[in-house]
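Peer 1: Please arrange chain B on chain L, whose structure you already have, making use of the hints.
As they're listed, the protein sequences go chains L and B. Every letter in the first sequence is one number past the one before it in the numbering used here, and letter 170, counting from 1, is 170. Every letter in the second sequence is one number past the one before it in the numbering used here, and letter 222, counting from 1, is 1222.
Take the hints with a grain of salt, since some may be wrong.
[What the hints assert, rightly or not] For each label pair, taking beta carbons as the anchor points, the in silico distance ranges come out as:
| hint | chain 1 | residue 1 | chain 2 | residue 2 | range |
| --- | --- | --- | --- | --- | --- |
| 1 | B | K1178 | L | I62 | 28 to 36 Å |
| 2 | B | V1213 | L | L356 | 49 to 57 Å |
| 3 | B | E1209 | L | Y297 | 51 to 59 Å |
Bear in mind the hints are in silico, worked out from the structure with no lab data behind them. Note that the Cβ used here is the ideal one computed from N, Cα and C, for glycine as well.
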Amino acid sequence: MDLLLVILQNFYVIIAIKMAVGLGLSMGTVPVMVWMERKVSARFQFRRGPNRVGPFGLFQLIADSVKLLMKEDFLPRNTDRLIFLAAPIMAFLPGVLSFALIPIGSSGGNDIVGAGGVMAISYISMGLLVMMAVSSVAAYGIAFAGWASNNQFSLLGGIRSSAQLISYEIVMGMSIIALLMMTGTLNMSEIVQQQAQPLFGGIWLIPSWNIIRQPLTFILFMVAAFAETNRAPFDLPEAEQELVGGYHTEYTGMRYAWFMNGEYAAMFTMSAILTTLFLGGWTFPGLEFLIPHLPWYLTALLTFGIFFAKVAFLVFMFMWVRWTLPRFRWDQLMKLGWNTLIPLGLVNIVGTALFLEYVASNFGFGG
Amino acid sequence: MYSYEQEVVQRDENTVHMNVGPSHPSMHGTLRVKMEVKGERIVKTEQEIGYLHTGFEKLGEYRSYNQFITLTDRLNYFSPLSNNIGFALACEELLGITVPRRCQVIRTILAELSRIADHSLCVGAMTMDLGAFSSILWTFVEREKLYDVFEAVTGTRLTTSYTRVGGLAFDLPADFEKRVLGIMDSMEETLDKLRDSFYKNRIFLDRVEGIGVISKEQVLSFGLTGPMARASGIEYDLRKFRPYMVYNEIKFNVPVYSQGDTLSRYKMRIDEMAESILIVRQALKLLEPGPINYQDQKRTLPDKTSTYRDMESLIHHFKLVMPGDDHGIHPPLTDLYSSTEAPNGELGFHLVSDGSSTPYRVRIRPPSFINYPILSTLLPGCMIADLVAILGSFNIIAGELDR
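In isolation and in its complexed conformation, chain L is listed as follows (with noise of 0.2 Å):
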């Protein structure tokens, strides 16, 4: 038993665990994610998705991933080579990566999977730059993927791509802005441990998750977080009826799964940070009072459920919308981008501050 501890505690060990524990979750959801949108799709259209292979046709995603290994590995003519290939796994890790800053769960204090009890694979205090760095990358990805297809759907897929990305990734950072005035700090794990105290000091049972307290930069960064993941309405890098299939036209087999992957872990990614930052990650109200009691284990899979069940519910969010509603031109996106968001993300940063310098200071509460 202390042997175990002592190899458990070991630093590399953790390192490890902490590596396959990150990449499984964020791997291992994409293909249930597939199969959920089938299935929520199908709901969606008087449809029953898959229901051939296995229960529930889940196991129908195995026989995907297995059919496009097999496809051949196709290389259009006159495409550059090296960004060609590169392009795949360029728009697949960032949103990998990024899910490696979020805090999902906590064992109640006890330190057995450091950090104080935080369960995130980095404990770093400048999470949310980081996140934000790494998320852009994905826009490479595309981009690249369209340059080098030699096609013209998708050049235009890519310049699509490299245009929504950086007016919305400005959407984003001014809605951040907003949130850090609130909480003061860029680490995810105490933005967290701010939202499971309650509302305003005092209102027992309302939570202070900063969807109450930063409802407009909640909506901003939501739209922000479609536009950043390409998913519909601001599908337009793939924009199926005009693009054929956008910036993976030319994809076949699995460098085409790659950005599908890609697209799926960004989608994960993203709820999952929408979780932290504005739906208090791993707590829920009352929780305070129950912790005490559990052992460190149940207190640990309760959170991490109560994590999951939001993020599982953001997920179907993003399905719903994508399911819903047509997708916007391209001036028109770049029209809300610029004419609508961003100006009411300086507003929402003005109204914050004044917030925080005369109503919050006077009668304490808030950040």
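Peer 2: This is chain B only, laid out in the frame that chain L set:
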């Protein structure tokens, strides 16, 4: 002669040549649009047809009148019954016969049902082209129910071939009225759902409002008909203008919009479906028992059971069906143009008869062929995304483009 290289050399250096179709997700059928784009904006377009050449008109010169009905199925394959009825009416006008009342009522009902089937697909496909995928399956559900009814009535779902010169292939099944009324109710719900989801949807409105505006003058100079003409303020509907079948006994409105943009064409089709539902309900009340075929065995096929049991009918069947100049229907030596209001506009047949059992010439005026060319006039200045919106609202069926 057209040369791709030449065109590439001649074009402006800042534009990119883009080829959309004939295999492209939103070029329903085999349409092709060659575009010159500057960034996302379209500078010049050129349409090309001929990828689904069927040769119906030439085939018609070697087929008897009844045989040609099977070819009309393939014209607009989303509403084959309308084409069947249009051709049968043309042949009957050529022969100078009037079909029994029950036949006329049945044809009216089926023509409206196929209008609903056609429009529902167009409305769904258009929003799908705009990225809202789910609505096409909402309308598909209704269309499938209608196709089930078509199957019960005609024996097939798509290639119905239901009409004959002087009547119909068979009478209606027993539960026809009940089933159709049920579908009409659920169709109304679906239409409400479409109105709820899209009429106030900001993204949808931004995509279609004021896009692809066709003026009244353009409608007249391009000869557009059907929903496209009525969405631009031209109140031209053959069902009102020159009533055929039993349309003059039925009360219905012809919806007209004045804007002429993509949104009005979308609303137009939804309103037309609502009117069609009213027409079907009224026409079902007119349905009374009686013969379905014109009673003249020299020109209309005898009943199948009497063909098997009655010698007289067997001989007539033989004389009508066998090829050769001694057999078949012999219309008088004349030519005429007869047209009906098909879902997409005026569907006309110009028949030239030389007195033999096959027509001398079958000229078809399909609505899609006439409605299609205006696209190139509308597109310059639009974005690439507008192409799919505008084309989706036209509802061009490739089967009608190249006869």
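Peer 1: Lying within 28 to 36 Å: is that true of the beta-carbon distance B/K1178 to L/I62?
Peer 2: Because 46 Å falls outside the window, the suggested range is violated.
Peer 1: 49 to 57 Å was suggested as the range; check whether the CB atoms of B/V1213 and L/L356 agree with it.
Peer 2: About 50 Å separates the Cβ atoms of B/V1213 and L/L356, which means 49 to 57 Å holds.
Peer 1: For the range 51 to 59 Å, tell me whether the beta carbons of B/E1209 and L/Y297 fit it or not.
Peer 2: holds (58 Å)
Checked against the numbered hints above, the structure breaks only hint 1 and satisfies the rest.
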